[in-house]
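Q: The lines below spell out each chain.
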Amino acid sequence: MTKIFYMIRKEFLQIFRTREMVAILFIMPVIQMVVLGFAVTNEVKHITLIIADRDNSRLSREIVAAFSNTDRFDITGRETDVREIGLDIHRWKAQAALIIPNHFGRDFRRGLRPDIQMIVDGLDGNAAGVSVGYAGGILREWAEAQARQTPRLAMVKQNTPQLELIERLWYNLDLRSAQYMVPGIIVVLLTIISMLLSALSLVKEREVGTLEQLMVTPLSRFELLMGKLAPFLILAFIEFFVVLGAAQVIFPITMKGSYALLSLEAFLYLFTTIGLGVMISTIAKSQQQALFLSWFFMLFLLMMSGLFIPIANMPQFLQDLTLLNPMRYFMAIIRDVFQKGSGWQYLFTDTWRMTLLGTLIFAVSVLRFRKRVS
Amino acid sequence: MHHLIVDNVAKTYGETRALKGVSLAVEKGELFGLIGPDGAGKTTLLRSICTLLVPDSGSITVAGLDISRDVPAIRAILGYMPQRFSLYQDLSVAQNLRFFADLFQVPKHERPERLARLYHFSRLEPFKSRLAGNLSGGMKQKLALSCALIHTPEILVLDEPTFGVDPVSRQEFWEILHQIRAGGTTIVVSTAYMDEADQCDRIALFFEGEIAAMGSPAAVKGAFPYRVYRLSGTALQDLKTFLEGQPEVRGIQLFGDALHVSFSEKPSPETWREWARRGGFPGLRWEEISPSIEDVFLAHMAGETA
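Just so you know, the sequences run in chain order A and B. Counting from 1, one number per residue, gives the positions in the first sequence under our numbering. Counting from 1, one number per residue, gives the positions in the second sequence under our numbering.
These are calculated hints, taken from the structure and not from any lab test. Honestly, I wouldn't trust all of these hints.
Said to hold, decoys possible - Pairs of lysine to any residue residues, derived as SDA-like cross-links and limited to a Cα-Cα distance of at most 20 Å, are as follows:
id : chain 1 : residue 1 : chain 2 : residue 2
1  : B       : K108      : A       : I4
2  : B       : K240      : B       : P267
3  : A       : K340      : A       : I253
4  : B       : K28       : B       : A73
5  : A       : K93       : A       : V132
6  : B       : K108      : A       : P218
7  : B       : K108      : A       : R9
8  : B       : K128      : A       : T18
9  : A       : K3        : B       : A73
10 : A       : K285      : B       : Q83
11 : A       : K3        : B       : A94
12 : B       : K128      : B       : S92
13 : A       : K3        : A       : R221
14 : A       : K3        : B       : K108
15 : A       : K204      : B       : Q83
16 : B       : K108      : A       : M1
17 : A       : K204      : B       : Q89
18 : A       : K93       : A       : D124
19 : B       : K128      : A       : R9
20 : A       : K3        : B       : L91
21 : A       : K204      : A       : Y6
22 : B       : K240      : B       : F263
23 : B       : K108      : A       : F5
24 : B       : K108      : A       : T2
25 : A       : K3        : B       : P107
26 : B       : K28       : B       : G215
27 : A       : K3        : B       : P72
28 : B       : K20       : B       : M301
29 : A       : K93       : A       : I119
Fair warning: this is a prediction, and the values are worked out from it, not measured in the lab.
In isolation and in its complexed conformation, chain A is listed as follows (with noise of 0.2 Å):
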């Protein structure tokens, strides 16, 4: 067993040689996390807005007022001609156009209920089912307003449906982006490191040849495998929990649930990527080769962990698909930590399936590397 130390404190004196690599472990992550936590966000403001009040009334310009006094809206230019506002629409000149009709004023306060007309570029469908969302809450509180002050109004709003709406949003009252995407980027950051790095340093043996060296000492394989791969696993490890520190300084975010908890399901999922990691390291002939297969595999890892894309909105069988993904458990298991402060009982079923697959990545992997040359 003491072998195995060996094998990691040399590994350590190849990995801390070079200065450069202190700073690709430990500050740039930290870089990555601050750029992408700001800039991966799913919150959709400043929506690019052309305003057409044909009406031009008072209240017409209260609704206008409305929309210009929120952030999720920047009002852009006014314009009254439809074929110009489909062609400003067209050229990326705005996103949205609240078209309100002559005599809104007046038809609204007899009663009429006369329509407003928003058109939205639908080419993001997210962005403009929200921006739809948005206006129509600001009228829905507009309306509402105006059947408080006259009385009158209020009666005719009778035929409106009597059912309203009371929102309560949970855990994340704000709907602050960073709160949700930046344990994510966490998860992202630790697969890299992980996975990469332990491949990497596995086929650089392979490639330089001191691996037929090492195969000639009394080192076992498992000797040999533990020492490759524990340094990435405590440097992974490491890793994990300056970038968590990073992010909770950085970031008005803030962690619900116990590290403790975390740290296990952190190292349990770093087993499967140390595991994809050595699986690498069978197949590819190069560090090269490597790290393009690094890049393949994270691809899907990424894509289809729900991260960006809620698994739940994917066709049924990539939704079975993802089961086969390891990060797609420690991205849910993460946001529940941390978000929710979830207990163990309620990541049991995640976690022992990642924890399956994990293993049986790794034995695979490690069955994979054989001793002997080929």
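Here the structure of chain A is known, so what remains is to put chain B in place on it, guided by the hints.
A: Only chain B this time, still in chain A's reference frame:
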């Protein structure tokens, strides 16, 4: 007592028969050379001896231990230096040595003495803290040898250790090997440089996965049945064509600016003059030479002795 016994070992890679039933035995304390061109099967045999490969058939025993069953025991008494430089280029000379001493669990109290000995013959002590990647080719080979020797193995296996090393370093390397052998270590070394054969106690000429000849360098050369002459002059190509038509000629090899010609019997001075006249080679000079390993090898390759 035989320290290494290779018995009828065969190994096939897909369509390629790397070893076609090779047998040899190496005495304890012997310096044994596998001589042959690239692709002759030397590396395959050496890797099998080191337990890195399992032959398809045949058996190999190292110090009485079977390579397929006693893997850990063999690895503990065997030192191996692969063909390519395979140490950590990003570790220093001292760190590489220490790492292999650790892996082979060399006791701490024995280390200073062993390192002193290894530094003495390799003369690497002044470069202790230099990164292995920044050493010259000759120094790299000496470091690799030192690492293979750190656990004082009983048998040392070297795969083309002098490949790509300058002539001075090659000579120095062989002198080190002689010192190691003098200490009682069995050495099996492969080389594609024919002139290195004379450095070995015994050699096996490897060709296409088979042993073409085996014995001491003198015996291998002595067993060569023909007389070898070195011919020099002008128009060597024409001379070669001319001689190929003569019945006594068994083989002709071009060696730089001369021909090495083997004859089934020694030609008389009259015959030489006759050839010079008939062929029109006025400046022809000839002298009998003792056959070199290269002559023997090339003759085997051309199938002349078969």
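Q: Can you name, in rising order, the numbers of the hints this structure does not satisfy?
A: none
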